[in-house]
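Visitor: Take a look at the letters that make up each chain.
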Amino acid sequence: MAQNTKEKKKTDIVRILLIFISLAFVAVMLVIPLVSVIYNSLRKGFAFYVEALSGKYVVSAFKVTMLATVIAVAVNTFFGLVASWALTRFSFRGKQILATLIDIPFSISPVIAGLAYIMTFGRLGWAAPFLEWLGGLLGIEIKIVFALPGVVLATIFVTFPFVSRELIPVLNADGTDEEEAAALMGAGGWSIFKSITFPRIKWALLYGVILCTARALGEFGAVHALSKTRGKTFTLPLEIDALYLSGDQDSIVASFAVSSILVILAVLVLVLRYVLEYKAKSAGKRR
Amino acid sequence: MYVELKNINKTFDGFRASRDINIGIEKGSLTALLGPSGSGKTTILRMIAGLENPDSGDIFIDGVRVNDIAPSERGIGFVFQNYALFRYMTVFDNIAYGLKIRKQPKEEIKKRVTELIELTGLTGMEKRYPNQLSGGQRQRVAFARALAPNPHLLLLDEPFAAIDAKVRHELRMWLRDMIHKVGITSIFVTHDQDEAVEVASQIIVTNNGRVEQTGTAREIYGRPATAFVTEFIGQPAVIDNYGRLKGFEEEDGFTKAVVRPEFIEAFKSDNSRFKHVIGCSEEGTITDIMFRGTSLELTLDVGGIKLSTHRSLERREVEIGEKMRVIIYRLFAVKGDEVRLIENEELKKQDMHNARLESYLYSQDGYFVM
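Chains as they are written, first to last, in the numbering used here: chain L, 1 to 287; chain E, 1001 to 1370.
FYI, nobody ran anything at the bench for these hints, they're computed from the structure.
Since we're looking at a predicted model, the values are computed, not measured.
Any given hint could be a false lead.
[Said to hold, decoys possible] Here are some chain L residues pointing at chain E (derived, C-beta under 10 Å):
no. : residue
1   : Asp12
2   : Ala74
3   : Thr77
4   : Arg165
5   : Pro169
6   : Ala173
7   : Thr176
8   : Glu180
9   : Met185
10  : Ala187
11  : Gly189
12  : Ser191
13  : Ile196
14  : Pro199
15  : Ala204
Positions of the beta carbon are idealized from the N, C-alpha and C atoms, including for glycine.
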């Protein structure tokens, strides 16, 4: 009995210690810095905050960010569905290689992605002659690098594994029996997707879309390499960087104000994620 | 023949799942495809359904060659191994799915589904989801769903594999009665011989991509056609040099033999009932006793040969190490793929192998004359 109490005390200490370390770490690394962003953004009063956010450059950066995010999420949702479907429903040569390639944006530095796009689509890049030819055909100048298309491409690149990574485990775990059963009864491909597959993957899909959105909003490195014009192609993270580096007190506070938008968006995404996880779990319970 | 497979071959990545399969199934029959895992039984079922295509050979359903007909046009109902119920649909919607796909009028769908729900005893469960059902209820839903579009042929892939052992027997009976009631030609896949014997009117034994034997349960038990069937069916003990057993002489080339528990009688030497045949018996030592619920399973060492037999619980107690008298009525001798039934010569000499034997031998379990 005494032995038991001793053992119990020991595990109690371990428990408290682990919880304390985790909490302290999160506080120092995350909570305090984020709170300081909000605090600093309001240091010159609320009027200044609003003014900082309605500046010409900031509004432009907000628009660029939204545009890049919406396009990247739409493209990657489609791509993620196609890729995860191909990887889980068919067997083909090079399947493993494709699965690995999809994960590259997770492991590669975004700056390298940006530079790679410059090498491909830039004035001296491999695709330059083709773009010139296409531009001539359409009677316009096609510019990708250092222009909006480049920003969008970079955002797509860094976010493309998110949707398929969420879908693949769900599709794999569930197998193909239900779809086969529906096909055997004469259901067509679209009708099977709509009535059998989609209800199973919808929470995972939405979760993937949210992660993709969060990442797209905050992308810095890849976009930085491809975007050099403030007020035209700058995204919010780039604008924050520019404001902060300009050095005077007002700009620094303004940069915190812009940062606070991203922090608020991030918190919103977190809340949404929590709600979705809860929903997915209760949907899972219905199985 | 309602369903016919002719010279079917199928290979998966170099694995030959079907080798020259020829099968005929009569209208209205309930057939079991029985074999160990990897024997190609499921492949046969899936090819009939159209979920796989044979590399060569023809499949006929009701006289029509269906090789190039889409699965959904073959007029079949399919019950998947784990039922593959649509988990985000209610019982009602699951059963109605095939009818909705066929764009039948709403009124008719409702009528048909209600009819099936009543037939399968699922009344009151219409609004439940598959995860709110027991294994047996799920099987009923899968069965009703497969039957909804009025198929002419019902295919079931291991229909009892996902069910607790306890309710399995009950469900087998239920399914058999239900299929007879509906009167639909049915084929099911199983690896469990008890299941095949209890449910099916015809059994097709498969092994290694081939059909080993086709027949009723009794035929397959009594006259196994190949070495594989002999060693697969029943509870066989495979022995060498059976010529050492009293009453048997090794026949030319038949070096191996299969003995089933019901071919063996083991009795105590003072058992007066057996005094007339004690001369045909030999000594065996009990090496193991296993309690089987309704009987004991004895393992005996007879001159170095290991044999097992069942013993009624009503008989006198026995213990490990006890010396018993053992008579082997008969055995299956095997040479390559040839099987020969050999009777005990000593018993024959005593003219006891038929009617008279009955008055002497205590246990008659499994002693059959084809």
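Visitor: Determine for every hint whether it applies to the structure shown.
Guide: Going through the hints against the structure:
1. Asp12: With a closest approach of 38 Å, the aspartate 12 of chain L hint is violated.
2. Ala74: violated, 25 Å
3. Thr77: violated, 21 Å
4. Arg165: violated, 23 Å
5. Pro169: violated, 17 Å
6. Ala173: Violated. Min distance 12 Å.
7. Thr176: holds, 9 Å
8. Glu180: Status holds, d = 6 Å.
9. Met185: At 4 Å from the nearest chain E Cβ, methionine 185 of chain L passes the 10 Å test, so the hint holds.
10. Ala187: holds, 5 Å
11. Gly189: At about 12 Å, which exceeds the 10 Å cut-off, the nearest Cβ of chain E leaves the hint on glycine 189 of chain L violated.
12. Ser191: Given a least distance of 7 Å, the restraint on serine 191 of chain L holds.
13. Ile196: With Cβ-Cβ at 6 Å, under 10 Å, it holds.
14. Pro199: Since the shortest Cβ distance to chain E is 4 Å, the answer is holds.
15. Ala204: Check failed: Cβ of alanine 204 of chain L comes no nearer than 14 Å to chain E, outside 10 Å.
Hint compliance for this structure: hints 1, 2, 3, 4, 5, 6, 11 and 15 are not met, and every other hint is.
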